[in-house]
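*Asks:* If you want the building blocks of each chain, they are given just below.
Protein chains: 2
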Amino acid sequence: MSISSPGWRRSTNSNSCPLHTFYQFNVSSGYLLAEESKHAVKVLRLMSGEEIQLADGKGNLYHARITSPDPLKCEFEILTSIAIPKRKFSIHLAIAPTKNADRMEWMVEKCVEIGIEKISFLLCKTSERKSINMERLEKIAISAMKQSQQAWLPEIVQMTSLQTFLKEQPETQKFIAHVDDQNPNLLQHLATPRSDYVILVGPEGDFTKEELDAASSAGFKKVSLGPHRLRTETAGLVAVTALNQVNQK
Amino acid sequence: MSISSPGWRRSTNSNSCPLHTFYQFNVSSGYLLAEESKHAVKVLRLMSGEEIQLADGKGNLYHARITSPDPLKCEFEILTSIAIPKRKFSIHLAIAPTKNADRMEWMVEKCVEIGIEKISFLLCKTSERKSINMERLEKIAISAMKQSQQAWLPEIVQMTSLQTFLKEQPETQKFIAHVDDQNPNLLQHLATPRSDYVILVGPEGDFTKEELDAASSAGFKKVSLGPHRLRTETAGLVAVTALNQVNQK
Chain A
100 MSISSPGWRR STNSNSCPLH TFYQFNVSSG YLLAEESKHA VKVLRLMSGE
150 EIQLADGKGN LYHARITSPD PLKCEFEILT SIAIPKRKFS IHLAIAPTKN
200 ADRMEWMVEK CVEIGIEKIS FLLCKTSERK SINMERLEKI AISAMKQSQQ
250 AWLPEIVQMT SLQTFLKEQP ETQKFIAHVD DQNPNLLQHL ATPRSDYVIL
300 VGPEGDFTKE ELDAASSAGF KKVSLGPHRL RTETAGLVAV TALNQVNQK
Chain B
100 MSISSPGWRR STNSNSCPLH TFYQFNVSSG YLLAEESKHA VKVLRLMSGE
150 EIQLADGKGN LYHARITSPD PLKCEFEILT SIAIPKRKFS IHLAIAPTKN
200 ADRMEWMVEK CVEIGIEKIS FLLCKTSERK SINMERLEKI AISAMKQSQQ
250 AWLPEIVQMT SLQTFLKEQP ETQKFIAHVD DQNPNLLQHL ATPRSDYVIL
300 VGPEGDFTKE ELDAASSAGF KKVSLGPHRL RTETAGLVAV TALNQVNQK
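Same order as they appear, the protein sequences are chains A and B. So for the first sequence, my numbering puts the first residue at 100; every next one is plus one. So for the second sequence, my numbering puts the first residue at 100; every next one is plus one.
If you're looking for bench data, these hints aren't it; they were derived computationally from the structure. There's no promise every hint is true.
It does not matter which identical chain is used: a pair holds within one copy or between any two.
With a straight-line cut-off of 30 Å between C-alpha atoms, the simulated DSBU-like cross-links for lysine-lysine are [as the list claims (entries may be wrong)]:
| no. | residue 1 | residue 2 |
| --- | --- | --- |
| 1 | K172 | K245 |
| 2 | K320 | K238 |
| 3 | K157 | K266 |
| 4 | K273 | K198 |
| 5 | K308 | K348 |
| 6 | K245 | K185 |
| 7 | K141 | K245 |
| 8 | K321 | K187 |
| 9 | K320 | K308 |
| 10 | K245 | K308 |
| 11 | K198 | K141 |
| 12 | K224 | K245 |
| 13 | K245 | K198 |
| 14 | K273 | K137 |
This is chain A alone, in the form it adopts within the complex:
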């Protein structure tokens, strides 16, 4: 399904087809990154004169034209650019990675598509996975940013212990996903619009009582994500969707 982004003109080529988008954090270099060059020239077979779109991941989109379709260093010239402001809210998901790496990878893809500013990975008491493949997750985030025509690349943060993490968060609305029957507050009811949110999601074995207490002491409110038992990666996705929807007016 294609949904056009309101608020900025989606560039099209002379046949009114959407332009191919490439990630280019340093636009002033004048040529695409090695992997993007290869994709543009070898896979998409773009030629001199063809128009493309560049996203620098820092809020800028560029309408550009290929000047030299070199598969190692595809050169371009900038035609126009547009600066996309940051959203009026921000979402930071901090999650204990699942044992199965695939499940985290698709969650990162989906969170980026739906809208997120930052994803951190937590090492918890019952975590089964103690490390993550940062390079792979960053590639997935870049690809999802391009696919969903966004200008900001979410930040992916290396794994830290929950203990360290709890001390360092500047966000104003802090939540921890956890339900007991005595505390059925839903995330979308406690979160108020236009704020900076951080939400914690625990590992398969859940947070321990000590971890929950430490989070409470650090100002994190316990919230429910609904009546069903959700897998870790589903919980992350539902939380991010809920916080986006709270801000859609």
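Once you have looked at the hints, place chain B on chain A.
*Replies:* Relative to chain A, chain B alone:
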């Protein structure tokens, strides 16, 4: 993350661990289905006297005890049962399957975890995939139902043409996911609680103008799922999450 389901007691064994759940559409047989028998005895190594939980997918959960751990025909006796009422609303997602079958499979898993009554597959003008593997999708739905401790198995419906589909839907609130800048109505703002919903999500190439017009004529309202361009499977997931959240009070 574990979230306990409110409204019914989650069965636990003598160590207060949650019981393993098995799908058993015909409880009166007295033995588990072949695949479930194998899983119980060969993988989980359950023994005589151990307690299990059965879900019949038709609203009933049973607390049972293994009487004969045969890996082909694992026998059990019922201890107690509980009937879970249907939800006070229903969600029917009708989606054009993605070219990549994996993407539909995880979407089915996630939709079942989050909460859904029915998933239909649509053949549209620009569909790249013309058939689906029903057996595999049903297995995924069963597994997600068990994992999320639910009692109702969502219905998975074989592929039909959009044209035929539009004529046959009894739901009272009908939506089609599509955004143009002239129609930015968000699904979660148009859907009202405690109703029966059907929402259509188009293929990678989107619905054609003729398809959109036919859906409008059949009473489907165009809705937006947010400001970003979403992949087909992400759109399905966001729609199902939004309709669940509209009903969480």
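*Asks:* Does each hint fit the structure? Answer for all of them.
*Replies:* Evaluated hints:
1. Proximity of K172 to K245 under the C-alpha cut-off of 30 Å is restricted to the intra-copy arrangement: shortest distance 20 Å within a copy versus 51 Å between copies.
2. Taking the shortest Cα distances, K320 and K238 never come within 30 Å of each other, neither inside one copy (32 Å) nor across copies (37 Å).
3. In this homomeric assembly, K157 and K266 come within 30 Å of each other (Cα to Cα) only inside a single copy, at 27 Å, whereas the closest approach across copies is 47 Å.
4. With identical chains, the CA atoms of K273 and K198 are at most 30 Å apart within one copy only, with a shortest distance of 25 Å there and 39 Å across copies.
5. Within a single copy, K308 and K348 get their C-alpha atoms only as close as 37 Å, which misses the 30 Å cut-off; across copies the closest is 27 Å, which meets it.
6. In the homo-oligomer, the alpha carbons of K245 and K185 lie at most 30 Å apart inside one protomer (16 Å), although the nearest pairing across protomers, at 41 Å, exceeds that limit.
7. Only within a single protomer do K141 and K245 lie at most 30 Å apart by alpha-carbon distance; the minimum there is 19 Å, versus 46 Å between protomers.
8. Proximity of K321 and K187 under a CA criterion of 30 Å is satisfied in both settings, with 24 Å inside one chain copy and 26 Å between copies.
9. Only within a single protomer do K320 and K308 lie at most 30 Å apart by alpha-carbon distance; the minimum there is 14 Å, versus 46 Å between protomers.
10. Only between protomers do K245 and K308 lie at most 30 Å apart by alpha-carbon distance; the minimum there is 26 Å, versus 40 Å within a single protomer.
11. Taking identical chains as interchangeable, the C-alpha atoms of K198 and K141 lie at most 30 Å apart only when they sit on different chains, with a minimum of 22 Å there against 36 Å within one chain.
12. In this homomeric assembly, K224 and K245 come within 30 Å of each other (Cα to Cα) only across copies, at 26 Å, whereas the closest approach inside a single copy is 36 Å.
13. In this assembly of identical chains, K245 and K198 lie within 30 Å of each other by CA distance both inside one copy and across copies; the values are 28 Å within and 19 Å between.
14. In this homomeric assembly, K273 and K137 never come within 30 Å of each other (Cα to Cα): the closest approach is 42 Å inside a single copy and 44 Å across copies.
When each numbered hint is compared with the structure, violations occur for hints 2, 14.
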